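Undergrad: Position chain B against the provided structure of chain A, taking the given hints into account.
Same order as they appear, the protein sequences are chains A and B.
In terms of full-length UniProt numbering, the first sequence is numbered consecutively and its last residue is 439.
In terms of full-length UniProt numbering, the second sequence is numbered consecutively and its last residue is 439.
Do not rely on the hints blindly, as some may be mistaken.
[What the hints assert, rightly or not] Here are some chain A residues pointing at chain B (derived, C-beta under 7 Å):
(1) T95
(2) A173
(3) D174
(4) A430
Quick caveat, the hints were computed from the structure, so don't treat them as lab data.
It should be emphasised that the depicted structure is a prediction, and the values quoted were computed from it without experimental measurement.
C-beta: ideal position from N, C-alpha, C; glycine also.
2 protein chains.
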Amino acid sequence: MRITVEEADSGSPAINRNAFKATIRRQKVVILGAGFGGLAAAMGLRHADVDVTVIDRRNYHLFQPLLYQVATAGLSPAQIAMPIRRILSRQANVTVLMERVEGIDKEARIVQTANRRIAYDYLIIATGARHAYFGNDEWAETAPGLKTIADATEIRARILSAFERAEAAEDQADRERLLTFVVVGGGPTGVELAGAIAELAKKVIVRDFRRIDSSSARVVLVEAGGVVLPAMPPKLSEKARRHLEMLGVEVLLKAAVTRCDVQGVTLADGREIQSSCVLWAAGVMASKAAKWLAVPADRAGRVHVDRNLNPPGNDDIFVIGDTAAVTDESGRAVPGVAPAAKQMGEHTARAILANIDGRAVGPFRYRDFGRLATIGRKAAVADFGRIRLSGLGAWLVWNIAHLWFLVGFRNRAAVFVDWALAYVRYDRSARLITDRHER
Amino acid sequence: MRITVEEADSGSPAINRNAFKATIRRQKVVILGAGFGGLAAAMGLRHADVDVTVIDRRNYHLFQPLLYQVATAGLSPAQIAMPIRRILSRQANVTVLMERVEGIDKEARIVQTANRRIAYDYLIIATGARHAYFGNDEWAETAPGLKTIADATEIRARILSAFERAEAAEDQADRERLLTFVVVGGGPTGVELAGAIAELAKKVIVRDFRRIDSSSARVVLVEAGGVVLPAMPPKLSEKARRHLEMLGVEVLLKAAVTRCDVQGVTLADGREIQSSCVLWAAGVMASKAAKWLAVPADRAGRVHVDRNLNPPGNDDIFVIGDTAAVTDESGRAVPGVAPAAKQMGEHTARAILANIDGRAVGPFRYRDFGRLATIGRKAAVADFGRIRLSGLGAWLVWNIAHLWFLVGFRNRAAVFVDWALAYVRYDRSARLITDRHER
Chain A
1 MRITVEEADS GSPAINRNAF KATIRRQKVV ILGAGFGGLA AAMGLRHADV
51 DVTVIDRRNY HLFQPLLYQV ATAGLSPAQI AMPIRRILSR QANVTVLMER
101 VEGIDKEARI VQTANRRIAY DYLIIATGAR HAYFGNDEWA ETAPGLKTIA
151 DATEIRARIL SAFERAEAAE DQADRERLLT FVVVGGGPTG VELAGAIAEL
201 AKKVIVRDFR RIDSSSARVV LVEAGGVVLP AMPPKLSEKA RRHLEMLGVE
251 VLLKAAVTRC DVQGVTLADG REIQSSCVLW AAGVMASKAA KWLAVPADRA
301 GRVHVDRNLN PPGNDDIFVI GDTAAVTDES GRAVPGVAPA AKQMGEHTAR
351 AILANIDGRA VGPFRYRDFG RLATIGRKAA VADFGRIRLS GLGAWLVWNI
401 AHLWFLVGFR NRAAVFVDWA LAYVRYDRSA RLITDRHER
Chain B
1 MRITVEEADS GSPAINRNAF KATIRRQKVV ILGAGFGGLA AAMGLRHADV
51 DVTVIDRRNY HLFQPLLYQV ATAGLSPAQI AMPIRRILSR QANVTVLMER
101 VEGIDKEARI VQTANRRIAY DYLIIATGAR HAYFGNDEWA ETAPGLKTIA
151 DATEIRARIL SAFERAEAAE DQADRERLLT FVVVGGGPTG VELAGAIAEL
201 AKKVIVRDFR RIDSSSARVV LVEAGGVVLP AMPPKLSEKA RRHLEMLGVE
251 VLLKAAVTRC DVQGVTLADG REIQSSCVLW AAGVMASKAA KWLAVPADRA
301 GRVHVDRNLN PPGNDDIFVI GDTAAVTDES GRAVPGVAPA AKQMGEHTAR
351 AILANIDGRA VGPFRYRDFG RLATIGRKAA VADFGRIRLS GLGAWLVWNI
401 AHLWFLVGFR NRAAVFVDWA LAYVRYDRSA RLITDRHER
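Pulled out of the complex, with its shape left as it was, chain A reads as follows (with noise of 0.2 Å):
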């Protein structure tokens, strides 16, 4: 328990216990990021006596889950992002700053950002995670990942800009580069784009083009790995590629990528495929906690926590969600997903009001409520542990619960309305080629 008794020599040995409680100061909570579990943290101490500062270089919180859609034009940005003052706008004990966070003292207990110095009494790191290279950094340029809403909409740029140029061309191997697009990574991130990109092309712009087929563009999903979805049971994961294969992806296993250009990728096995919109989603690097903290993190990044989510020695301090190394109590790792994160933020919410009281609380438990992944317009694979959907089933949970789960009941109300025409329409609103360079 952390007090601090401003008027701590006032003297008098009979305390009166209201002057007492004015004289502790209010505890500071500083929050880094308005992800799924920065939100959770700070929703958790709706009700508690403390100062909440939640810090965001963005003033809006992302619904990561279906950053996908935005990026194959399915939905807008605005649908899938609120601002973070309007979620947290009713809460009065929380402050919000869009500032970017440069650096932690941890001794004086003071978070640096590009305009100031923010002290804290407990400190919640919950800044997620970037997409990676690995090494390959230069590869960034001509393939981008899908972390952010810039992120997005430049994939969407450079997706319905190739059935653009392809329109445009004159000759028939520019147009089949062209129309090639090449995903890297089985994960969900990437079998989410690559059936989103199959559909696109074969059913929602095919009676838009008269010198190309959009239907004969060619969808590559490139995969180190043995199986797609490996997190999911092996039945689920070969469910995932057949459908895949029947929307006309090509699945390419135990691939993986050497070259990466604006020509196209190279394979370890030397094979090489003309493409010239190449696609990452083959891994992500946590935030820079571990840097700001300078305590271990392992290969990915992410910084190691006990039980508690505490870094080793920094019982003030949590590091939450993408940007933390956690195990569960079986020793297996717990998994970089929203339903995780969230569950971290509202564990720390409890250990700090128990902290503060002076109560104990148990360590971080995750509660695994299953996998989802979509594949296209009508199919996806769910594991429930015990239940296991595939198909138009596992869809129709896919969909509902992403809607249920999108914050807002207005973005809840536009993405349906999106979804139900989509399906009847097989159309796309969000078609639009946006360019970061150009004013």
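TA: Chain B alone, transformed into the frame defined by chain A:
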């Protein structure tokens, strides 16, 4: 009538009608720009036996009258933009190319784009206008205008960032400067922008901040002339001004801007307004059509055309919409509004059809259906000649008219949902700060 008989020396005096028809080359109509004018021209040629090529440097048609709603976070870009291909997908005689026009060879009848040369028999130039600073181009960086989606998301980011920075500011003078918004220009765009910003500050986000009172924001509309909405009857201009002032907008008339930089603006009478967010709605400059054609233009860069919408001496070239300076039969200038552009596009299609058939067509006549401008959530002014509305009635007409003319059922449904929810909940769904410089 222009017919190219490809085998003119076939020798047979007894012309077989069908054989003759087959040797007539299908006339090529090239349309530059897919705004209201260009699209109307393409659609007007839907039953014509011609090859139509629509060239635009973007892949979408933009519903410009609602662009200010994107700039003030009320709508998403995809709600007011529609892929050009999608709009024209069922019209088999149209090819759409996303290219940037670089020049026109009138002698050879060729349009030169960045990548190709495109031959035409008839050319329709409908490339619109950009906002302009009339000799003060250095103001562009500090006072963005509103013509494209990129402009709108940039303005949205500036407005929302100003509130964010004010919340973080420690200094009262900084805070006041950050909470002062200056809109330069009292035409429809300026009036609509100023009204929407005032409403955003005073109603929508007022609960979201802890350190600032967003409703104390100062919104100043600066107009060089003596009235706002000068194209409206004086009574409605006066009503618009009063509505703006009821929303808390300071309206400064006869106030020309003489300096504009990051500190704010200076007016001709020496007054200075400290502001971190100056928006430009004071003037437009037509596209480069006059330069491409080497023909005379007016001060705003608009090509002088005759009553047939041809630049004098160029019967195969039509210049329409905001790129043309057109006077109607009574000698008045046709205004640069969407319905006028649409009517010119329709007229041009009719003129080309008549020309191919060897028929005559009358000169272009502008039918003025009235003017509309909206001021905040529940007031507008409307001038339909004898019928003049203001307040809630005009606002309802404004909403219905804009929904009606918005392209595509899906967009209409989405915008309707958003407006209905905004009306009930005083919310704005698209409050994202996205940075064009950031990946």
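Undergrad: Each hint: holds or not?
TA: The hints, checked one at a time:
| no. | hint | in the structure |
| --- | --- | --- |
| 1 | T95 | holds (5 Å) |
| 2 | A173 | violated (16 Å) |
| 3 | D174 | violated (11 Å) |
| 4 | A430 | holds (4 Å) |
Hints 2, 3 from the earlier list are contradicted by this structure; the remaining hints agree with it.
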